[in-house]
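Protein chains: 2
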Amino acid sequence: MNGKPIGERLALLTDLYQLTMAACYFDQGMHEEATFSLFIRKYPPHRGYFVAAGLEEALRYLETLRFSEDDLAFLHSTGLFSGKFLDYLQGVRFTGEVFALPEGSIFFKDEPVIEVSAPIIEAQLAETFIINAVSLQTLIASKAARSFHVAQGRPLIDFSLRRTQGPDAGLKVARASYLAGFQGTSNVLAGKLYGLPIFGTMAHSYITSFSREIEAFRVFARIFPGITTLLIDTYDNIQGARKAVQVAKEMEARGERLQYVRLDSGDIAAISKDVRKILDDNGLEYVRILASGGFDEFKMAKVLDAGGKVDSFAVGTKMGVSADAPYFDCAYKLVKYGGRPVMKLSTGKVTLVDKKQIFRRYDETGAMLRDTIALRGEAMPDAAPLLQKVMAGGRLTRDLPTLKDSREYFLSQFALLPESCKALEEPAQYPVDLSPGLQDLQTRVEREIHQRELGES
Amino acid sequence: MNGKPIGERLALLTDLYQLTMAACYFDQGMHEEATFSLFIRKYPPHRGYFVAAGLEEALRYLETLRFSEDDLAFLHSTGLFSGKFLDYLQGVRFTGEVFALPEGSIFFKDEPVIEVSAPIIEAQLAETFIINAVSLQTLIASKAARSFHVAQGRPLIDFSLRRTQGPDAGLKVARASYLAGFQGTSNVLAGKLYGLPIFGTMAHSYITSFSREIEAFRVFARIFPGITTLLIDTYDNIQGARKAVQVAKEMEARGERLQYVRLDSGDIAAISKDVRKILDDNGLEYVRILASGGFDEFKMAKVLDAGGKVDSFAVGTKMGVSADAPYFDCAYKLVKYGGRPVMKLSTGKVTLVDKKQIFRRYDETGAMLRDTIALRGEAMPDAAPLLQKVMAGGRLTRDLPTLKDSREYFLSQFALLPESCKALEEPAQYPVDLSPGLQDLQTRVEREIHQRELGES
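Chains as they are written, first to last, in our numbering: chain A, 1 to 457; chain B, 1 to 457.
Be careful, since some hints might not be right.
Stated by the list, open to error - Heads up, incomplete: computed chain A residues facing chain B, CB under 8 Å, no partners named:
| hint | residue |
| --- | --- |
| 1 | Y17 |
| 2 | L80 |
| 3 | E453 |
Hints listed in this document are in silico derivations from the structure and should not be mistaken for laboratory results.
Remember, it's a predicted structure, so these values are computed and weren't measured experimentally.
Every residue gets a Cβ at the ideal spot worked out from N, C-alpha and C, and that includes glycine.
Bound conformation, chain A alone (with noise of 0.2 Å):
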């Protein structure tokens, strides 16, 4: 946000574990390439896929990693590490390779969303980043797909910022849901650092303020005439719509208009009814109605269920810390070490090895199809391959796409994904299969280790 680049900023923002385990590799000379792979392991209930976003933030990081003096005195001070091996991490950079789906792709469990590939201490120093902040933006972005289908074209605006869980998830919201469909958000600061569309409207205290509401009402119009949204629910939401319909008169009759009168509390689905009839009744047809309090994509296919004239929704606490979801089973497994594919065994977590590329298939109308999780090296005629290398020699190999774009490719790519996937509750799960190369070296690498270390035969 200011000041010294993110991967100096946050080097030391990792499991004390990256670096005793850096400490043995380095002791052992350990340095050949490792492949490590981020998926998702599984879904969460009612979800059937996801949408990548945060890869922008993790290649920042890896082009700046760096340890500064002063994070080296701490790591001193805590008396584990040889001044041998902290001399060794003053050096270290991120010099690897990264094969990544783009921002705004949709995918689904076990497909690899990343594969690092690097001298080993680069690629498992990266590890706890990485995973922060691929698997909070693809969190948000996942959640706000879910309230930009619902809406069906409806404008939709962050008003998460005050709940996320901290201001930095507050910025990644923003970006995120903007990614994902979004119109904007009422982050200032997520408007000035991601250039998002900025929106507000006013707050109940702005409204108990004032000794009378429709005083309250004809400042901010007076004030504010181009972008005036009155929020109506303070006292009473009928009577605060009258009000609004007093004001919107005023304003007229100065030459401008009311944009909307915002609805925060009660049975949003029939208040909204009521005021848009107040509305109309007036000539106040143009007058829109946001609503806002709790949004969710659930509660907001209730109240367009219900027949609520809602034009917009703020969407606030529970897209912005995904509420029904509020973490991914996301992990980062190392799939090669040495040119050998590795794996663990342990209890009801399988990892597939080796570096990887997904291909999708297309039907006859453009609908996406089905994927085949292969490895890097395998053809696959008549599918698009999906992970692209986006950073060779720790240098990114390609200009990142800009914020607008890869929201672009994300409404590109949204529209193919069968409306059955995309259900509320119990979606169809879109079908992805391994292809036979990968298959066999998985079973191959099994038994190998079966052998290896539980003396099986």
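Based on the hints, put chain B in the right spot on chain A.
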């Protein structure tokens, strides 16, 4: 974290409406004192208390709040604000008074955690950040306290960093969980910034990068003999335990002691008993068992109830995002403006008016008995006032306690909370009532608003 102070760095981390409302107040010459009250409206399911945290961050923000030239240039670029208002904003500082619960306090729904009194623009601008800061750390401390309660003295370590909602949340989670009784964290930067004890083990990737598991164990034990925790489930817990025994014996021969073995998957209650037996049968009674993998207070209780032989728990994602309750219904409401107590009437959302105090009574054993929310000026004999004046004239009125002191304070207070209120499911509801003075004022204000705004008599 670096560079500019937080209030300057994050002045724009606010909702746009805070700035448009401020412009209205400015235009109207509304600079009278406003009091905002921060409180939580209701308990999430199965909750019956909260642990206050995040105050220090909120106060540091208030102390240093100012708009930079760059911020003002951005606001100017939106075309929304007059030059006169932006000039005014440049000089804005927080000059108000803050009453607050010390960090580590136990509190209940509807009780004010913080009350901010300042010229309305200053108090309003701070809303978004203060809610964000206090609600995140309070969320995490309240969640972590439940694990602390269940663990009954077993050390708990925060392992959540990779899946917290952003890097900043990762830091705050480490801080807030330590405050609520955790022993430390895996988060190295949190260790540096907050002086927390840091802990680490090893990853499956570390094991799989070696051609044999036992070699991975040996290398680590040789380099970090004082802090070795062997992760034994990569291929098979039992075989892993046997290899750990072998390495522990090798360590003994060098006069060293293996600290822990770590279980990370499978039926932890059953496996821990088997592993305990293997260790004990080999004279390794001193080697402790650390369990990780999806732990929260519920899973911990289940494993301990089933007789699991676990000495320490690493608690990750579910605590780090407060998975069962990923947000609190935390509000910052205007309760007084220009000497006039105010409230909104919006459906189902009641705000307690005016400046307040919380009084707490204890029984003869010292246990917490009952709280009363009263007007700030009221006196209650035999009851302790909980809100402290921590800021006046925009400056701290006292040194903030150290994090360690706040942790001690939490431990002392938590010990006084009745056990029935700590139950993991359906906890007893701690009694909180309103003083007669507050009740009377509440009724009177509500009646006046009905008359004024709704034309009722």
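### Message
Hints numbered earlier in the text: which of these fail when held up against the supplied structure?
### Response
none
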